[in-house]
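J.: Chains A and B, in that order, are what the protein sequence lines are. Once you know that position 107 of the first sequence is 107 in the working numbering, the rest is easy, because the numbers rise by one and skip nothing. Once you know that position 161 of the second sequence is 354 in the working numbering, the rest is easy, because the numbers rise by one and skip nothing.
Among the clues, some could well be false.
Stated by the list, open to error - Think about it this way: if two alpha-carbon atoms lie no more than 27 Å apart in a straight line, the pair counts; the simulated BS3-like pairs of lysine-lysine are:
# : chain 1 : residue 1 : chain 2 : residue 2
1 : A       : K179      : B       : K372
2 : A       : K51       : B       : K244
3 : B       : K197      : B       : K244
4 : B       : K197      : B       : K242
5 : A       : K4        : A       : K49
6 : A       : K4        : A       : K76
If you're looking for bench data, these hints aren't it; they were derived computationally from the structure. Note that the structure is predicted; figures quoted are calculated from it, not measured.
Number of protein chains: 2
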Amino acid sequence: MSRKSDRTRNQIVQAANRLFYRSGYSRTSFTDVVGAAGVPRGNIYYYFKSKDDILHAAIEYRLDVIRAMLDEWNRKFTDPADRLKRFLQVVAASRHAMAQWGCPMGTLNSELGKEQPALRADSRRMFDLFVLWMTEQFAALGRADEARPLALRLLAWAQGLTVLAHVYADPELLAREAKELERWIDSVDARQR
Amino acid sequence: MSRKSDRTRNQIVQAANRLFYRSGYSRTSFTDVVGAAGVPRGNIYYYFKSKDDILHAAIEYRLDVIRAMLDEWNRKFTDPADRLKRFLQVVAASRHAMAQWGCPMGTLNSELGKEQPALRADSRRMFDLFVLWMTEQFAALGRADEARPLALRLLAWAQGLTVLAHVYADPELLAREAKELERWIDSVDARQR
């Protein structure tokens, strides 16, 4: 595709992504995306035949963002405990959006997980990136035998904090509890130091 | 209202409640409720003028169920640690539904929390019942100063486990991790015994 095509496609995907996050996937119509993207309806059909196609592209976009973020943390921090704490600090830093709209990943999965298995299989991949990355860090903390359960536990607890922060529109709950989880990271660190 | 009216009204509310849980609120139409309730459309209008009205009734129904459940746990168990563990055991017992449709309370709040504040204010009351009850139990465990933060933490972690169990369609994740949280209850118990 040409540069102009790429730019237009990205414009549509990012507008749709924002609407899916703020209003939910079901409550966002193809027409809503047309309006938000500022691209004529006919042009959008050139790139995307259906709302499901746009969702797929939005998920691919989010996966790229997540991969870039994990790579950045791996570069910035060499210690696995610092890396996991970085995850928690970034969750805390996004607390105002979380309190208003919930976790983009968690709420999308909760919505699609209601009898829409094909769509949900796609969005599960976002969780997979975090679970895999966290598993690597817990193994590097000297907890190789339980690395995956620990990763699932950390991700579950972080997700739960976003649910409660969203229910109560309480960003500070997320900030406080994320700090508690940083302490928990230290408590599971098995390295002799 | 007459007994027959009450029965019909309950029939509608319970059918709607089930649809809202399995398909989500947005994706359930008034027509879907008519179909599932097995009551003629005109009859439903006698009780409910809109889908929002039905949602309100469904939430009231769920609040009644939650209150009855908390009262039952209070009667069956006098020890606050046993009560909190009972909550975790009931979450674990419902793991197959949780893995398929998520937590009824959490997923409803996540959905309504996307720019539907009036509806969400109503559903938040389900969380309030649990937070209040858990706060009482943590105070009785000798943690009065931090009772509410501990209650929010436990509820957050339990919610997060339902999110991950739902994402991965993995009921056993919920069973295993709920057992871990029972151990955590013991670890925060401050009573001299």
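J.: Does each hint fit the structure? Answer for all of them.
T.: A quick look at each hint next to the structure:
1. Under the criterion of a C-alpha separation no larger than 27 Å, the hint pairing K179 of chain A with K372 of chain B is consistent with the structure, at around 24 Å.
2. At most 27 Å may separate the alpha-carbon atoms for a hinted pair to count; K51 of chain A and K244 of chain B meet this at roughly 25 Å.
3. Distance hint between K197 of chain B and K244 of chain B is fulfilled; the C-alpha atoms sit about 22 Å from each other, no more than 27 Å.
4. Between the alpha carbons of K197 of chain B and K242 of chain B the distance comes to roughly 19 Å, so the proposed pair stays at or under 27 Å and holds.
5. Restraint check for K4 of chain A and K49 of chain A: the C-alpha separation of about 19 Å stays at or below 27 Å, so the hint holds.
6. Our distance criterion of 27 Å between C-alpha atoms is broken by K4 of chain A and K76 of chain A, whose separation comes to about 34 Å.
Hint compliance for this structure: hint 6 alone is broken.
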